[in-house]
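Chains A, B, C and D are the protein sequences, given in the same order.
The opening position of the first sequence corresponds to residue 3 in our numbering, with each subsequent residue numbered one higher.
The opening position of the second sequence corresponds to residue 3 in our numbering, with each subsequent residue numbered one higher.
The opening position of the third sequence corresponds to residue 3 in our numbering, with each subsequent residue numbered one higher.
The opening position of the fourth sequence corresponds to residue 3 in our numbering, with each subsequent residue numbered one higher.
Source of the hints: derived by calculation from the structure; they are not laboratory data.
All values reported here derive from a predicted model rather than from experimental measurement.
Some clues are possibly wrong.
Each pair may be met inside one copy or between any two copies, as identical chains are not told apart.
[As the list claims (entries may be wrong)] Lysine-lysine pairs mimicking DSS-like chemistry, simulated, CA-CA at most 25 Å apart:
{"no.": "1", "residue 1": "Lys102", "residue 2": "Lys116"}
{"no.": "2", "residue 1": "Lys102", "residue 2": "Lys119"}
{"no.": "3", "residue 1": "Lys23", "residue 2": "Lys102"}
Number of protein chains: 4
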Amino acid sequence: MPIQAALTPQMTADEINDLLKRVYPQLNDDFASYRAVEVFPGGCIVRLDADHRHLRPGGTVSGPSLFTLADIGGYVCVLSHAGPDALSVTTNLNINFMRKAEAGPIDGHCRILKLGKSLMVYDIDIVAGLDRHTVAHATGTYSIPPRRTTSG
Amino acid sequence: MPIQAALTPQMTADEINDLLKRVYPQLNDDFASYRAVEVFPGGCIVRLDADHRHLRPGGTVSGPSLFTLADIGGYVCVLSHAGPDALSVTTNLNINFMRKAEAGPIDGHCRILKLGKSLMVYDIDIVAGLDRHTVAHATGTYSIPPRRTTSG
Amino acid sequence: MPIQAALTPQMTADEINDLLKRVYPQLNDDFASYRAVEVFPGGCIVRLDADHRHLRPGGTVSGPSLFTLADIGGYVCVLSHAGPDALSVTTNLNINFMRKAEAGPIDGHCRILKLGKSLMVYDIDIVAGLDRHTVAHATGTYSIPPRRTTSG
Amino acid sequence: MPIQAALTPQMTADEINDLLKRVYPQLNDDFASYRAVEVFPGGCIVRLDADHRHLRPGGTVSGPSLFTLADIGGYVCVLSHAGPDALSVTTNLNINFMRKAEAGPIDGHCRILKLGKSLMVYDIDIVAGLDRHTVAHATGTYSIPPRRTTSG
Numbered sequence: 003m004p005i006q007a008a009l010t011p012q013m014t015a016d017e018i019n020d021l022l023k024r025v026y027p028q029l030n031d032d033f034a035s036y037r038a039v040e041v042f043p044g045g046c047i048v049r050l051d052a053d054h055r056h057l058r059p060g061g062t063v064s065g066p067s068l069f070t071l072a073d074i075g076g077y078v079c080v081l082s083h084a085g086p087d088a089l090s091v092t093t094n095l096n097i098n099f100m101r102k103a104e105a106g107p108i109d110g111h112c113r114i115l116k117l118g119k120s121l122m123v124y125d126i127d128i129v130a131g132l133d134r135h136t137v138a139h140a141t142g143t144y145s146i147p148p149r150r151t152t153s154g
Numbered sequence: 003m004p005i006q007a008a009l010t011p012q013m014t015a016d017e018i019n020d021l022l023k024r025v026y027p028q029l030n031d032d033f034a035s036y037r038a039v040e041v042f043p044g045g046c047i048v049r050l051d052a053d054h055r056h057l058r059p060g061g062t063v064s065g066p067s068l069f070t071l072a073d074i075g076g077y078v079c080v081l082s083h084a085g086p087d088a089l090s091v092t093t094n095l096n097i098n099f100m101r102k103a104e105a106g107p108i109d110g111h112c113r114i115l116k117l118g119k120s121l122m123v124y125d126i127d128i129v130a131g132l133d134r135h136t137v138a139h140a141t142g143t144y145s146i147p148p149r150r151t152t153s154g
Numbered sequence: 003m004p005i006q007a008a009l010t011p012q013m014t015a016d017e018i019n020d021l022l023k024r025v026y027p028q029l030n031d032d033f034a035s036y037r038a039v040e041v042f043p044g045g046c047i048v049r050l051d052a053d054h055r056h057l058r059p060g061g062t063v064s065g066p067s068l069f070t071l072a073d074i075g076g077y078v079c080v081l082s083h084a085g086p087d088a089l090s091v092t093t094n095l096n097i098n099f100m101r102k103a104e105a106g107p108i109d110g111h112c113r114i115l116k117l118g119k120s121l122m123v124y125d126i127d128i129v130a131g132l133d134r135h136t137v138a139h140a141t142g143t144y145s146i147p148p149r150r151t152t153s154g
Numbered sequence: 003m004p005i006q007a008a009l010t011p012q013m014t015a016d017e018i019n020d021l022l023k024r025v026y027p028q029l030n031d032d033f034a035s036y037r038a039v040e041v042f043p044g045g046c047i048v049r050l051d052a053d054h055r056h057l058r059p060g061g062t063v064s065g066p067s068l069f070t071l072a073d074i075g076g077y078v079c080v081l082s083h084a085g086p087d088a089l090s091v092t093t094n095l096n097i098n099f100m101r102k103a104e105a106g107p108i109d110g111h112c113r114i115l116k117l118g119k120s121l122m123v124y125d126i127d128i129v130a131g132l133d134r135h136t137v138a139h140a141t142g143t144y145s146i147p148p149r150r151t152t153s154g
């Protein structure tokens, strides 16, 4: 599968996590469940440490929890590659749930498919379990606000 | 727009809310933010009472909160029209975010597009604000598990 | 379901069909299979007269034929409501196929969900058969190019 | 990105093309524009040789032509990996169009994300041009009919 390797990240995973904590406190409340673990040219890896709070009937990780990971994956891509403007927003997200995931570390492997001036398109493979099988896959679009010129 | 009016609900909104509270306690934790407000032939209305916990950077209701409402809307459709099997699961959900929504009551108008033996397809208009404008729209598919035969 | 009734179409169905014939001859080749039948505030109705050329294995109307109708429905919405700029393009389309459709007239009921400066979001119910049941449903986004200023 | 390498194809690209020609003559009419070029464990590559018939206003390859390639890619995946039952049908397809493609060979790289008894989920990267950049990406679901038992 093609990778947009020509892209260059402008922030590290640690810088992203600091930014998320500051601008999006609701994401993790008391516990740091969602975080960036790696940022690389053209993509990133994000992680959900799923516990009982993320489960649904049947004892498996809920759809909204996996959606949140998919959404955060795109947010980390856009923050790291287009600059730390917290006001980028999701305009579309399509997710397929394929296998049940149990509590534990769940990783989202994100790939930027297109980084334009006003839109970023990406996809994410969400893997879980000892054999890291794919439990969900999503494709999304973020709208990037026009760069604000700063005057002094 | 066509409506599947031939369908007949088998549970009321109150019965659904009791079921949700029992089988899916993680959904609302301490506060009953998500609930069914109406069930009618071929669809339902669900509500999120959005407060500061549902906001994202910019002070608007987050994508995951609206996704959860869209997902719950399908869950209420399948529970009310195909019977109270809590193990029905989302297999696909596509959501478009169109306008920002502020904290307050957010309603999801759900319509069953197809109710088959093993799959239900539905869409949902999510409206908010004083003028009830559409803030998001989603389409989803639920997988309905085979009916378990009871012996005894 | 909410309707964007405040929107005002700027072209009729006949004007749209003339425009399609001129700028998009590949659409219908020798036969006028795809056309606008009605344009109204906030939406439109498009039709495919499906014959043997539009069938797939099993003798039912093919997915690509229904996708084309869904795509054309959005194109007619954007042309009629945002002005006759033929260069608007689809950026995303999600389609669910729910029932088989046989050859014959197939209608797409389109609704504009959002008409912004650079993006239009819409959905479409595709109905067929004597009882006009829903055979497919799609949601799509069109990108509207910046208005070109003409100088003289 | 994870690959379902444990899967084993049961048909070659040539066998698939023969089957397509026989059961789906409408696909290519007089010209073999759409075809399988490779089948491998867990996926396939399909090709559209785009000419003037596949263009839309602006002189670029039309959305329906790329959708057809994405749909055929899933069809080749399901035929090659689940057996030659021509009656498998698409139930959902979500496609993002990211860059314009000119006439010429356009390749779809398909990957099976899940192959279950009754459903197959896959995604496809569609690449074009001298630098083979990604012009579109799609995710889809095929419904696989129950295996017919043959008696003799």
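These are the hints, each one checked on the structure:
1. Lys102 / Lys116: Cα proximity of Lys102 and Lys116: across copies only (12 Å, versus 30 Å in one copy).
2. Lys102 / Lys119: between (37 Å within a copy, 16 Å between copies)
3. Lys23 / Lys102: For Lys23 and Lys102, only the inter-copy Cα distance (22 Å) is at most 25 Å; the intra-copy one is 29 Å.
In the structure shown, no violation is registered for any of the earlier numbered hints.
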